[in-house]
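Visitor: One line per chain: the protein sequences are A and B, in this order.
With the first letter of the first sequence counted as 1, position 163 gets the number 290 in the working numbering; the numbers rise by one all the way through.
With the first letter of the second sequence counted as 1, position 119 gets the number 171 in the working numbering; the numbers rise by one all the way through.
Just so you know, the hints here were simulated from the structure itself, not pulled from any lab data.
Remember, it's a predicted structure, so these values are computed and weren't measured experimentally.
Every residue, glycine too, gets a C-beta built ideally from N, C-alpha and C.
Mixed in with the good hints, there may be bad ones.
Examples of chain A residues toward chain B, derived with CB under 7 Å [what the hints assert, rightly or not]:
| id | residue |
| --- | --- |
| 1 | Pro-220 |
| 2 | Pro-223 |
| 3 | Lys-271 |
| 4 | Val-310 |
| 5 | Phe-311 |
| 6 | Glu-314 |
| 7 | Phe-318 |
| 8 | Asp-319 |
| 9 | Thr-325 |
| 10 | Ala-326 |
| 11 | Val-327 |
| 12 | Gly-329 |
| 13 | Ser-338 |
| 14 | Gly-347 |
| 15 | Gly-367 |
| 16 | Val-374 |
Think about it this way: if two alpha-carbon atoms lie no more than 27 Å apart in a straight line, the pair counts; the simulated DSS-like pairs of lysine-lysine are [stated by the list, open to error]:
| id | chain 1 | residue 1 | chain 2 | residue 2 |
| --- | --- | --- | --- | --- |
| 17 | A | Lys-271 | B | Lys-137 |
| 18 | A | Lys-271 | A | Lys-240 |
| 19 | A | Lys-360 | B | Lys-81 |
| 20 | A | Lys-315 | A | Lys-171 |
| 21 | A | Lys-171 | B | Lys-212 |
| 22 | A | Lys-339 | A | Lys-317 |
Which chain B residues stay away from chain A? Per the calculated CB distances, all over 10 Å, these [as the list claims (entries may be wrong)]:
| id | residue |
| --- | --- |
| 23 | Ala-111 |
| 24 | Ile-145 |
| 25 | Leu-172 |
| 26 | Leu-179 |
| 27 | Ser-198 |
| 28 | Ser-240 |
| 29 | Lys-260 |
| 30 | Leu-266 |
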Amino acid sequence: MEKLIRVDSRIIFAIITVAVVVSLVLRFELPIPASEPVQGVYEKIESLPKGAHVMIAFDYEPSSKEELQPMAIAFLHHCFSRDLKVIGMTHYPGAPGLAEQAMTSVASQYQKKNGEDYVFLGYKPGSTSLIINMGENLYTAYPKDFYGNDTTTLPALQGVESLRNIDFLFDLAAGSTIESWIVFGKEKYKFDLGAGCTAVIGPDMYPFLQSKQLVGLLGGLKGAAEYEALVNKKASAVSGMRPQSVVHVIIILFVIFGNVVYFTTRRARHA
Amino acid sequence: MRRDSNFFILVGSIGLFVCVNIVLMVSKKLPFNSQGFGIILAAGLTLAIYSFLYQDNPAFKIAENLYVGVSLGYTIIITWFNFLKPDLYDPLIVPIFSRAATQSPQYGLIIPSLLGTFMLLRFSRKLSWLSRWTFAFVVGLGAGVSIPRVISAYILEQIKPSLHPVFSGGETVLSSINTLLIMLGVISVLIYFIFSVEHKGAIGKVSKIGIWFLMISFGASFGYTVMGRLSLLIGRIQFLLRDWLGILQ
Chain A
128 MEKLIRVDSR IIFAIITVAV VVSLVLRFEL PIPASEPVQG VYEKIESLPK GAHVMIAFDY
188 EPSSKEELQP MAIAFLHHCF SRDLKVIGMT HYPGAPGLAE QAMTSVASQY QKKNGEDYVF
248 LGYKPGSTSL IINMGENLYT AYPKDFYGND TTTLPALQGV ESLRNIDFLF DLAAGSTIES
308 WIVFGKEKYK FDLGAGCTAV IGPDMYPFLQ SKQLVGLLGG LKGAAEYEAL VNKKASAVSG
368 MRPQSVVHVI IILFVIFGNV VYFTTRRARH A
Chain B
53 MRRDSNFFIL VGSIGLFVCV NIVLMVSKKL PFNSQGFGII LAAGLTLAIY SFLYQDNPAF
113 KIAENLYVGV SLGYTIIITW FNFLKPDLYD PLIVPIFSRA ATQSPQYGLI IPSLLGTFML
173 LRFSRKLSWL SRWTFAFVVG LGAGVSIPRV ISAYILEQIK PSLHPVFSGG ETVLSSINTL
233 LIMLGVISVL IYFIFSVEHK GAIGKVSKIG IWFLMISFGA SFGYTVMGRL SLLIGRIQFL
293 LRDWLGILQ
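This is chain A alone, in the form it adopts within the complex (with noise of 0.2 Å):
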C-alpha cells in the first residue's frame, strides 16, 4: 500500500498517454449536447441581418492554440455561412499567423473575398487604451490593415465608424481581455459580446453570464466541441472529446483510488 501512494508520476503520465492515443484512434460517438452559453452564441449569430458585421478578437497565442482555433474555425464557418461581414483583429503579438490561418482558410470555402466580404486589422499594443481608440474611431485606432491597405477605402468596412456600429463582438480569450472588453468597450459603446476562453478561465466568466454582460460563452475545448457540433462542421474538437471524456474517467478512478490508498495506510498506522 506504501508503495502504491508513492507511484511514479512517470507511470500516471504513461497512463495518461495511452488512453489519449487509444481514445483518438478507437472511432466511438458520444453525445456533445449544446449547453445554455454556446446556444447563446449560436443564437446571437443566427438573429443576425445579412452584411451585419460581426468583430472577432483574436486574444490568444499559439500556447492555446488547442483550444482556441477550433472555436475561431467554427466560428467563423458559422458567419461565412450567414453573409456576415467579419472584421478580425488582436491584442496578441503571437496571434496574427493564427487568426490569418483561419481566416483565410475557412473564407475561401464560402468563397468569400478578402476586403469585400471580411478584413484582418492585425495586431496593435495598448489593451484598454485600443479599446478606446476603436470605440471612439476605428480607423484612427487601424487606419492600415495586416496587408497595408487604407482601412477607409476598404467595402467590408462599410457603415462603420467605431465599436458602437459593430453588431456583435466575439473575443476568443487566452487572458484578461474579455473583462477588458466589458470594462472599456461593452459597457461605454453599447455593442453585443460573447465569448470563447481557455477551460482555466472559464469558471471566472460565469459571473459575465448572469449579469448578461457576455450573451454566450465557450468553455475550452468543451465548448468548441459544442459549437462544431452546432454548425454541423465537426472537426479536431469533437475527436478530442472522445479522450477528453476517457482521461477524465481515468483522473477521477485515480482520485477515487488515491484517497482509499491514502485512508487505508493512515488507519493501518494508527492502528
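Starting from the structure of chain A, add chain B where the hints point.
Guide: The following block gives chain B in isolation, referenced to the frame of chain A:
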C-alpha cells in the same frame, strides 16, 4: 553509469525519430518540401518538450530556449510591421527625412514617442528620473479611465443579478433555487471575509457555509484547469497522429 544510460536513451530517441521521418518521407506520407520539413520540426519540438515528463534533458532545454528566442523575435517583427512602422515611422520619420514623401510629418506623435523613450531610460542612472514622467502619465490616465468603468462593470452590473427577485413571475422552480443559492453564496462568502468580528455562533455557522461555497468554486476552477491542460495534450497528440504520422484522418 546512470549518466551514460541517459545519454544512450537520448541518442537512441533522436536516431529513432530520424528513422521514422526517413520512412515517412520515402513512403510519401510526408511531402519532401518545406511543408514536410515544417511538420517534422514541429513534431520534433513537441516530443522534445514532452520529454521533460521523463526527465530534464538537453533536447528539452534546446526546445525551451528556441521557443523563448523565436517568440521574442516574432514579437519584435510583428510589432515593427503592425505598429511602429505604420503608426510612427511612416507618418513621422519618413516625411521628415524623405523628399519623396507626399504627406507632411505628424509632429503630434513626438510627445507619445518621447514618453515611450523615457520608459527605457530607467536603465540609465543619470536619466532614470525622466521615466517618472511617463509613469505619472500612465498611472494618472489609467486610474482616471479605469475607476468609473470598473465600478460600473464590476460592481454595479454585478449587483443587479444578485438583487434579482426570487420569484417575480415567469421563473421556473429551478431558476428560483439558483437565485436563492446565489444569494446564500454571496452573503456567506462576504461574511467569511469579515475579519473584524469573531467567527462564533451564527456568524461562525454562516462563514462555514461560505467556506463550502469557496471550496466548491476552487474545485470547479481546478476541474476546468485539468480539462484545459488535457486539451493541450490532446491537441498535440492529434497533431502527431494526424499531421506527422498520418494515422488519423
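Visitor: Hints the structure violates: just list their numbers, smallest first.
Guide: Hint check: 7, 8, 27 fail, others pass.
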